[in-house]
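Note that the protein sequences, when read in sequence, are chains A and B. Note that the first sequence covers residues 120 to 435 in my numbering. Note that the second sequence covers residues 399 to 605 in my numbering.
Take the hints with a grain of salt, since some may be wrong.
Stated by the list, open to error - If you only want the chain A side, here are some residues facing chain B, beta carbon under 7 Å, derived:
hint: 1; residue: Ile153
hint: 2; residue: Leu156
hint: 3; residue: Glu399
hint: 4; residue: Gly428
hint: 5; residue: Gly429
Don't read these hints as lab results, they were simulated from the structure. Each residue gets a CB set at the ideal place from its N, CA and C atoms; glycine is no exception.
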Amino acid sequence: MNRHLISAGDLSRDDAILILDTAEELARVEGRAIRKLPTLRGLTVVNLFYEDSTRTRTSFEAAAKRLSADVINFSAKGSSVAKGESLKDTALTLEAMGADAVVIRHPASGAPRRLTDWVSGRVVNAGDGTHEHPTQALLDAFTIRQRLARGTDRHGQGLDGIRVTIVGDVLHSRVARSNVLLLATLGAQVTLVAPPTLMPHAVETWPCRASFDLDAELGKSDVMMMLRVQQERMTAAYFPTVREYRRRYGLDASRMALLPEHAIVMHPGPMNRGVEIAAEVADSDRSTIVAQVANGVTVRMAVLYLMLGGATEEAV
Amino acid sequence: MCAMRHEPVHEPGPGGQGPAQAATRLGGEGWKAVLTPEEVRRALTRIAHEILERTHGGEGIVLLGIPTRGVYLARRLATRIGEFEGTPAPVGSLDVTLHRDDLRLRPARALQRTQVPSDGVDGKTVVLVDDVLFSGRTIRAALDALNDLGRPRAVQLAVLVDRGHRELPIRADYVGKNLPTAHREKVRVQLAEIDGEDSVLLGEGDK
């Protein structure tokens, strides 16, 4: 696997399955009295967050701490970044502090890739602009495999033949982008559903189908992944009203009833209840939303372990 | 970050890589059988008897195999104890990867399953089972891993082969065969469950 985790598209099928299998074993540690492992003792993980994200940051922080790494949280607010420091200068500061890994969330697509030029540690993309969010895709894949994989032993299994429908603001969604790449790598059949205004232009080059009609996809979906309507990115009039969006693309109880019996409903969070997902759907047995949060920690532990737990290339 | 399966070859030092897989087949070039299937069977039977003797009939024991081959050995010992005593001993597996002291010397390794019997290890006599005892570092890691699972009353160690060259103050309570080796030689345990046949092989080291 690669030195950094920037794009879900960089992962081979074997890499992705190794991460899921590793997470599967690490999840078993959760049930123990002592949930801390000594594996990354003495290593430093820096959380470099230029966008607010309590969910992802705490998930990475919990993952690093359970592996005994030291965690430094560096948020843009109230720091030298607010005083105008550039990403490069911040990177050089982290480098001087000896960061073994930098987990970066940045509003600009491509910032994590750029960061790899300036730091010697590993870089993990925790969401960059509208580009990618690979660990979210990994935890989604892990959750899908956990709920839908056939047989008792999930080890080594991909997501072959599982039909995943991703619904909502695909245009602005780094979660959708990473999921399409990763789920396709793992053998799933992905369909994107969005209003024409929120469907990316070059979507026909992506390894998935695209549709504008949610109701047509309901009966043939094993997984419904609802994306958040990102009000902060809605700078133009992408749809007439929230009510109109909900009527065409919201998942409510009557639509959920049309899903196959085994189908699950996912949401990367945070949800807009009553917009893209109705409260009774979010709270139903089919919803994996809470499981996704728990799985986020174990999947990020697996990523940090596989990136930092072994030898660096120099030592091999 | 690439996967490396648990290497069944117990070789000196962390730097070396396993020999060409083709040459490690039973009777392959450069490998000499030191235990036959029959001898492996007898050694395990003897160890099972010794465990029962030392633990007063297997009172409160839990067998924990260290992946990969230790797990199969632990299962076989549990079965034998069941045959002798009527009730099979609780058996599980203990992956030590995350507690190893040589993680930084190799690419990150895939994790193996840790599965502890439902009663846990608190107050039990845990018998760790591994195929080869060499430097003792795996067992040190196992003791640390076990520490995170609970507080056993006592911990004992059973190995099929003790090849010497300890680097830590660790010894086995039950040994199938003491095998004097040169440090550079390699010992390979093959088990029917994954290798098709039981045997212990001794191979020439490199150079």
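Hint check:
1. Ile153: holds, 4 Å
2. Leu156: holds, 5 Å
3. Glu399: Violated. Min distance 37 Å.
4. Gly428: holds, 4 Å
5. Gly429: This hint holds: Gly429 of chain A lies near chain B, its Cβ roughly 3 Å from the closest one there, short of 7 Å.
This entry does not satisfy hint 3, going by the numbered hints stated previously; all others are met.
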